[in-house]
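Heads up: the sequence lines are chains A and B, in that order. Mapping to full-length UniProt numbering: the first sequence position 247 is 247, numbers consecutive. Mapping to full-length UniProt numbering: the second sequence position 146 is 146, numbers consecutive.
I should point out that these hints are in silico values taken from the structure, not numbers from a laboratory. Please note: incorrect hints may appear among the correct ones.
[Claimed, not checked] Derived contacts from chain A toward chain B, CB cut-off under 10 angstroms, selection only:
| id | residue |
| --- | --- |
| 1 | Arg49 |
| 2 | Gly71 |
| 3 | Lys73 |
| 4 | Pro74 |
| 5 | Ala85 |
| 6 | Tyr86 |
| 7 | Leu88 |
| 8 | Pro90 |
| 9 | Leu92 |
| 10 | Ala95 |
| 11 | Val104 |
| 12 | Pro108 |
| 13 | Ala110 |
| 14 | Ala145 |
| 15 | Ala149 |
[Unchecked claim] For each label pair, taking beta carbons as the anchor points, the in silico distance ranges come out as:
| id | chain 1 | residue 1 | chain 2 | residue 2 | range |
| --- | --- | --- | --- | --- | --- |
| 16 | A | Asp167 | B | Gly243 | 26 to 32 angstroms |
| 17 | A | Phe15 | B | Arg89 | 52 to 58 angstroms |
| 18 | A | Gly66 | B | Met114 | 32 to 38 angstroms |
| 19 | B | Leu83 | A | Leu63 | 26 to 32 angstroms |
| 20 | B | Leu83 | A | Asn17 | 20 to 26 angstroms |
| 21 | A | Gly316 | B | Arg89 | 35 to 41 angstroms |
| 22 | A | Ala105 | B | Glu54 | 32 to 38 angstroms |
| 23 | A | Pro126 | B | Glu54 | 31 to 37 angstroms |
| 24 | B | Ile250 | A | Lys169 | 39 to 45 angstroms |
Yeah, the Cβ is synthetic: ideal placement off N, Cα and C, and Gly gets one too.
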Amino acid sequence: MADPFLSIQNVKKSFGNVAVVKDFNLDVGAGEFVSFLGPSGCGKTTMLRIVAGFEEPSAGKVLIGGKDVTGLKPNQRNIGMVFQAYALFPNLTVAQNIGFGLKVAGMPKAEAQARIDEMLGIIKLPDFGDRYPYQLSGGQQQRIALARALAPKPKLLLLDEPLSALDAKVRISLREEIRSIQKKLGITTIFVTHDQEEALSMSDRIVVMNEGRADQTGTPFEIYNRPSTKFVANFVGTLNVLEGTISDAASGTVKINAEEIGLKGKLNGSKSGDTLSLALRPEAISLGRKAGNDSNLTGQIADVHFLGSVIRVRVGVGQNVVSLDTFNSPSSPPPVVGQKTEISFSSGDVLVLH
Amino acid sequence: MKTSRFWAWLVFVVGAAYFFIPLIATFEFSLRMRRGVYSFDAYRVVLGDARFQETFAYSVTVAVFTILLGVFLVVPTAYWIRLRMPQLRPIVEFITLLPLVIPAIVIVFGYIRMYGSNSPLPFLGSARGTDALLVIGYATLALPYMYRAVDTGLRTIDVRTLTEAAQILGAGWTTIIARVILPNVLIAVLSGAFLTFAIVIGEFTLASLLNRPAFGPYLQNIGANRAYEPAALAVIAFAITWGCMSVIQILARFAPKSANRPN
Ligand SMILES: Nc1ncnc2c1ncn2[C@@H]1O[C@H](COP(=O)(O)OP(=O)(O)O)[C@@H](O)[C@H]1O
Ligand SMILES: [Mg+2]
Numbered sequence: 001m002a003d004p005f006l007s008i009q010n011v012k013k014s015f016g017n018v019a020v021v022k023d024f025n026l027d028v029g030a031g032e033f034v035s036f037l038g039p040s041g042c043g044k045t046t047m048l049r050i051v052a053g054f055e056e057p058s059a060g061k062v063l064i065g066g067k068d069v070t071g072l073k074p075n076q077r078n079i080g081m082v083f084q085a086y087a088l089f090p091n092l093t094v095a096q097n098i099g100f101g102l103k104v105a106g107m108p109k110a111e112a113q114a115r116i117d118e119m120l121g122i123i124k125l126p127d128f129g130d131r132y133p134y135q136l137s138g139g140q141q142q143r144i145a146l147a148r149a150l151a152p153k154p155k156l157l158l159l160d161e162p163l164s165a166l167d168a169k170v171r172i173s174l175r176e177e178i179r180s181i182q183k184k185l186g187i188t189t190i191f192v193t194h195d196q197e198e199a200l201s202m203s204d205r206i207v208v209m210n211e212g213r214a215d216q217t218g219t220p221f222e223i224y225n226r227p228s229t230k231f232v233a234n235f236v237g238t239l240n241v242l243e244g245t246i247s248d249a250a251s252g253t254v255k256i257n258a259e260e261i262g263l264k265g266k267l268n269g270s271k272s273g274d275t276l277s278l279a280l281r282p283e284a285i286s287l288g289r290k291a292g293n294d295s296n297l298t299g300q301i302a303d304v305h306f307l308g309s310v311i312r313v314r315v316g317v318g319q320n321v322v323s324l325d326t327f328n329s330p331s332s333p334p335p336v337v338g339q340k341t342e343i344s345f346s347s348g349d350v351l352v353l354h
Numbered sequence: 001m002k003t004s005r006f007w008a009w010l011v012f013v014v015g016a017a018y019f020f021i022p023l024i025a026t027f028e029f030s031l032r033m034r035r036g037v038y039s040f041d042a043y044r045v046v047l048g049d050a051r052f053q054e055t056f057a058y059s060v061t062v063a064v065f066t067i068l069l070g071v072f073l074v075v076p077t078a079y080w081i082r083l084r085m086p087q088l089r090p091i092v093e094f095i096t097l098l099p100l101v102i103p104a105i106v107i108v109f110g111y112i113r114m115y116g117s118n119s120p121l122p123f124l125g126s127a128r129g130t131d132a133l134l135v136i137g138y139a140t141l142a143l144p145y146m147y148r149a150v151d152t153g154l155r156t157i158d159v160r161t162l163t164e165a166a167q168i169l170g171a172g173w174t175t176i177i178a179r180v181i182l183p184n185v186l187i188a189v190l191s192g193a194f195l196t197f198a199i200v201i202g203e204f205t206l207a208s209l210l211n212r213p214a215f216g217p218y219l220q221n222i223g224a225n226r227a228y229e230p231a232a233l234a235v236i237a238f239a240i241t242w243g244c245m246s247v248i249q250i251l252a253r254f255a256p257k258s259a260n261r262p263n
């Protein structure tokens, strides 16, 4: 990246002799929305807290706007942060909460009041200024927390699983709201989550983290469709894995059960006789033969879930079971369990996991 | 079922009688100063006594300073231990319990040896210095109650996250303690303060051995030399203590509702 706004360079962090972040590198452009996605305990929060200044990295540095901030205290970094537990000050009203950072910065009262009103408008809670946090729902509290973080016009916004304490419906609407406020203000944002759907739907780019490392960094499209490691492929989205053996490395032929498919150009460096795992997204597999799909396998219907507009079918292929989705069509009945069938897919959609 | 209830009531009645009969008897006796009729003469004499007013005012002043010292000492300490050094908690809890185990007389003899007029720190060389020492001694005696009250208050809020939320908004330590921590544990601090008040008002040993004109030694002096007034004083002292307890109870109702923790 030519001129990153936030640059995390070779950051490592150990607690005692446990390495929690292992050589983390990332450049974030101004105005970009980047998610840290990974399972619980992989070091997302720790990395975010290093950016905020709550933890000191064991090695490496953090640059904001080209300036090395590694040695700065959190209150010197001009960062906004939203916590999973809301962390509103229970003794202060909503307006006082939003105005906290402004007061600390010594902003004149009238100006601060105007900014508080503006923020209440942005989060669409204009009449809530006089309430106390305990009088608000979780979703409302988290919006106030967002307004409080943004009121002092920080250069960088950090969110640590801000939606995971909320119920499903609120979570989805707040997801969209956070993203639209972020776009409107153009603020550089890092969003930590363990929810792949959240990361995929909100982010410009996603960093998939695994045991303290950034396994893959890319757009949601890249992460979902071209996962670079087995971990990323498994963690993001549903994945069908077929075990195969290379029967002829030169021509790219792979044997699955008794059938062969061609995967020319995808086997980089594997030899004949090697076993490998082939992964396919449910949406890449069709029931029956289909024009444009160059690979076919035979199987037996194991399970049919009628979900309304979509029917999720599980097909047994030798030892493996694959899930695929077909659209419901009122004129043709859904497949029947036990029926023999063929599945087809394009060899271009196959992910070879090493 | 029925018998167990009977025994429960019996224990309750015996306990209550054990507690209330001496109190009622004292009160009844305090009303008998004037021959043949009940009157509040003893109270009039006590409350009108200049020595009562002086010693009471002195002890109230000492109590106020003790509370201030206790708050300045305990709130930041308890806060810091919760925030940064939870591993020190058992040690600090043990230290704060020591005043319950070590008699006040041991403390005061220690003071007299350490801070005499010939020592490098001659606190006892002047009246003000002795007052200061008395306040410090009382703060020590009140430590178990103050520390526990504040620590319990801190438990009801998410100290770490609130601190971090304030820090990232630009606040320094003074702002965090004054605007975020203290207001949220205020009720707890106040209940610690009233317990401290109750202890200081009636304390005898320290004040007597340091020879300060406090309320405790005055109570003792009256008790040794008069008949009806000590009973009246005992009832007054009880009323003050109970007043403090009721204030704590009332304050507890106003404790801020914590909306910190997600559900
Ligand atoms: N202050 C700390 N002291 C010791 N270990 C810690 C500390 N903070 C986090 N850890 C450990 O570091 C690992 C990563 O934690 P965290 O960054 O919170 O993960 P995530 O946010 O991805 O769930 C966990 O195993 C956790 O126990
Ligand atoms: Mg976390």
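Results for each hint:
1. Checking Arg49 of chain A against chain B: minimum C-beta separation of about 9 angstroms stays under 10 angstroms; hint holds.
2. Violation of the interface hint for Gly71 of chain A is found here, the shortest Cβ-Cβ separation to chain B being roughly 16 angstroms, above the 10 angstroms cut-off.
3. A distance limit of 10 angstroms between C-beta atoms decides the matter here; for Lys73 of chain A the minimum to chain B is near 8 angstroms, and the interface restraint holds.
4. The beta carbon of Pro74 of chain A comes within 5 angstroms of a beta carbon in chain B, closer than 10 angstroms, and the hint placing it at the interface holds.
5. Annotation: Ala85 of chain A was flagged as interfacial toward chain B, and the flag holds, the nearest CB pair being 5 angstroms apart, inside 10 angstroms.
6. With 10 angstroms as the threshold, the beta carbon of Tyr86 of chain A comes within range of chain B, its nearest partner Cβ sitting at about 6 angstroms, so the hint holds.
7. Annotation: Leu88 of chain A was flagged as interfacial toward chain B, and the flag holds, the nearest CB pair being 7 angstroms apart, inside 10 angstroms.
8. For Pro90 of chain A, the shortest C-beta to C-beta distance to chain B is roughly 5 angstroms, which falls under 10 angstroms, so the interface hint holds.
9. For Leu92 of chain A, the interface hint holds, the least distance from its beta-carbon to any beta-carbon of chain B being 8 angstroms, beneath 10 angstroms.
10. With a cut of 10 angstroms, the hint placing Ala95 of chain A at the interface with chain B is violated, because the nearest CB-to-CB distance is about 15 angstroms.
11. Here the hint on Val104 of chain A is kept, as its CB sits about 4 angstroms from the closest CB of chain B, short of 10 angstroms.
12. Against a cut-off of 10 angstroms between C-beta atoms, the interface hint on Pro108 of chain A is violated, since the closest Cβ of chain B lies about 16 angstroms away.
13. The interface hint given for Ala110 of chain A is broken, as the beta carbon of that residue sits about 20 angstroms from the closest beta carbon of chain B, more than 10 angstroms.
14. A hinted interface residue such as Ala145 of chain A counts as satisfied when its beta carbon comes closer than 10 angstroms to some beta carbon of chain B; here the least separation is about 8 angstroms, so the hint holds.
15. Interface restraint check for Ala149 of chain A: the shortest CB-CB distance to chain B comes to about 8 angstroms, inside 10 angstroms, so the restraint holds.
16. Range check, Asp167 of chain A to Gly243 of chain B: about 47 angstroms between beta-carbon atoms, so the 26 to 32 angstroms window is missed.
17. Checking the proposed 52 to 58 angstroms range against Phe15 of chain A and Arg89 of chain B shows it is violated: the Cβ atoms sit about 20 angstroms from each other.
18. Range check, Gly66 of chain A to Met114 of chain B: Cβ separation about 58 angstroms, and the 32 to 38 angstroms hint is violated.
19. Our hint of 26 to 32 angstroms for Leu83 of chain B and Leu63 of chain A holds, since their Cβ atoms are close to 28 angstroms apart.
20. For Leu83 of chain B and Asn17 of chain A, the Cβ-Cβ distance of about 24 angstroms falls inside the hinted range of 20 to 26 angstroms, so the restraint holds.
21. The given range of 35 to 41 angstroms is broken by Gly316 of chain A and Arg89 of chain B, whose C-beta atoms sit roughly 58 angstroms from each other.
22. Under the hint 32 to 38 angstroms, the C-beta atoms of Ala105 of chain A and Glu54 of chain B, about 50 angstroms apart, miss the expected range.
23. With their beta carbons about 59 angstroms apart, Pro126 of chain A and Glu54 of chain B fall outside the hinted range of 31 to 37 angstroms.
24. At about 41 angstroms, the CB distance of Ile250 of chain B to Lys169 of chain A agrees with the hint of 39 to 45 angstroms.
Consistency note: the structure conflicts with the earlier hints numbered 2, 10, 12, 13, 16, 17, 18, 21, 22 and 23.
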